[in-house]
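There are 2 protein chains.
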Amino acid sequence: MLVIIGLGLWDEKDITLRGLEEARASYEVFLEAYTSRLFGTTAKQLEAAIGKPVKEVGRDFVEGGKVLEHAKSKKICLLVAGDPLVATTHTDLILRAKEKKIPVRVIHNASVMNAVADTGLQPYKFGRSATVAQWEQNFKPSSFYDVLAENRARGLHTFLFLDIKTDKDRYMTANEAIAALLLVEAEKKKGAFTEDTEIVVCARLGSPQQLIRFGRVKDLAKQDFGKPLHALVVPGALHEMERKFLESL
Amino acid sequence: MLVIIGLGLWDEKDITLRGLEEARASYEVFLEAYTSRLFGTTAKQLEAAIGKPVKEVGRDFVEGGKVLEHAKSKKICLLVAGDPLVATTHTDLILRAKEKKIPVRVIHNASVMNAVADTGLQPYKFGRSATVAQWEQNFKPSSFYDVLAENRARGLHTFLFLDIKTDKDRYMTANEAIAALLLVEAEKKKGAFTEDTEIVVCARLGSPQQLIRFGRVKDLAKQDFGKPLHALVVPGALHEMERKFLESL
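For the protein sequence lines, the chains are A and B, in the order given.
For the first sequence, this note's numbering begins at 1 and goes up steadily by one.
For the second sequence, this note's numbering begins at 1 and goes up steadily by one.
Same shape as in the complex, but just chain A:
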């Protein structure tokens, strides 16, 4: 049996009692350490909280199917930052487990999509999310800009995840994301992200060190938002209450 357990947003205290109980009842505890990670804790601290060895595993182990080998005869668990199925979808893994007749259970937890409600923006008014990718010599993706433009045209808010490269310990900053978006704007010219666009910069969402700042792109572009993770929100049409909340931050 495979139990996929969401760890929530910050440290070892964000796991639920049910998640902790399931981890303790597992024969082996694996920590998914490639799509994201918790910034307020370490595998060692998780081990101490759970009282069992915690083995960090990479993409190979999870997507290559080794995790399912372990789950065939014994109950094991896979710890995942945030919610296991929201920002990172592990549905493919669940599907393959089902094909092998391995029972799967998901223990949900808060994801950044929950914590972003701390901006005061109404959750139901968020359109599709997207991830801002860094442009490279031969790789210039811009679909995140198209998603943003589409949401804005419909008055919806857009949550923008920023590029994460856990293997290189590189996490795109809000400043880098702003620069990337302005670059695409200059090319596509749909007016979805200009110097005058009002945006929300979120840093360390869901942590005690959370920072949320609202303002125009030109005023936020050069500010320092501190340690990762960062994210951006581009609001769509703002209700009076939403604006009031943002301005109170």
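In case anyone wonders, no lab produced these hints; they're calculated from the structure.
It cannot be assumed that every hint is accurate.
If chains are identical, the list can't say which one is meant, so a pair holds when it fits in one copy or spans any two.
[To be verified] Listed next, the in silico DSS-like pairs over lysine-lysine satisfying Cα-Cα at most 25 Å (straight line): (1) K100 / K66; (2) K44 / K98; (3) K125 / K140; (4) K66 / K244; (5) K125 / K190; (6) K74 / K125; (7) K13 / K44; (8) K190 / K52; (9) K218 / K189; (10) K125 / K98; (11) K44 / K222; (12) K125 / K165; (13) K75 / K13; (14) K244 / K72; (15) K44 / K66; (16) K140 / K189; (17) K244 / K52.
Since the structure of chain A is already known, use the hints to place chain B on it.
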């Protein structure tokens, strides 16, 4: 100080360690018991888990501002089913606390919007959510149908909350919601919800007794999905993987 603590989806084991710690460190513990409730536990069981008296409070206490009177000089907490800011937005309360210079902290948790990912539908493809309301003699709302039609036109999935009347202990069933939607369809005729529409019925999302069923309206309309809470999802355009997942349920 006011700490608003999400309880997660089912019972007293769904609280996070951080939430439990904050509740235990509070001078008074209030349970918001009017926008939703946990179906797998009681205030008594929460009391036992927290080790403190838990006082159930209604709309008057929270929205009337009494809760802020209590938070003025002492640290108190308000327990809320699910995530405090996702399905139910308590942002108005936070705004009023800020005006009174009362510090607020939110401890997030999983909401139904996390658990719905168990359908295999990709979270980023959900459009606006809406709540299906029961038609009454002089009250025939249909904005939920318009939201659905708008999402479908754009290929997005729609999560439909069903009417909750906690004071009367009445929770709309999926069958009632299907009937309500067909009624509006007959009037508005946009084809957003017909006998042939593929839908997902979710019952007791996030609980060990969770049930998710995929099929056409005509095939699901008369089935019994058991105890509350129920919810509906109307998928938009389905990726191959999403359909495969739904059909595996």
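Each hint, compared with the structure:
1. K100 / K66: within (13 Å within a copy, 54 Å between copies)
2. K44 / K98: Neither, since 31 Å and 38 Å both go past 25 Å.
3. K125 / K140: between (29 Å within a copy, 23 Å between copies)
4. K66 / K244: So K66 and K244 pass the 25 Å test across copies only (22 Å; inside, 50 Å).
5. K125 / K190: both (21 Å within a copy, 22 Å between copies)
6. K74 / K125: neither (42 Å within a copy, 34 Å between copies)
7. K13 / K44: For K13 and K44, both the intra-copy (13 Å) and inter-copy (24 Å) Cα distances are at most 25 Å.
8. K190 / K52: Intra 53 Å, inter 56 Å, cutoff 25 Å: neither.
9. K218 / K189: within (17 Å within a copy, 46 Å between copies)
10. K125 / K98: between (34 Å within a copy, 23 Å between copies)
11. K44 / K222: Answer is neither: 36 Å inside a copy and 52 Å across each miss the 25 Å cutoff.
12. K125 / K165: For K125 and K165, only the inter-copy Cα distance (24 Å) is at most 25 Å; the intra-copy one is 29 Å.
13. K75 / K13: both (23 Å within a copy, 20 Å between copies)
14. K244 / K72: Close across copies (22 Å), not inside one copy (53 Å); limit 25 Å.
15. K44 / K66: For K44 and K66, the Cα distance is within 25 Å only inside one copy (23 Å; across copies 43 Å).
16. K140 / K189: Answer is within: at 16 Å inside a copy they meet the 25 Å cutoff, but 43 Å across does not.
17. K244 / K52: neither (47 Å within a copy, 36 Å between copies)
Figure legend: structure checked against the earlier numbered hints; hints not met, in rising order: 2, 6, 8, 11 and 17.
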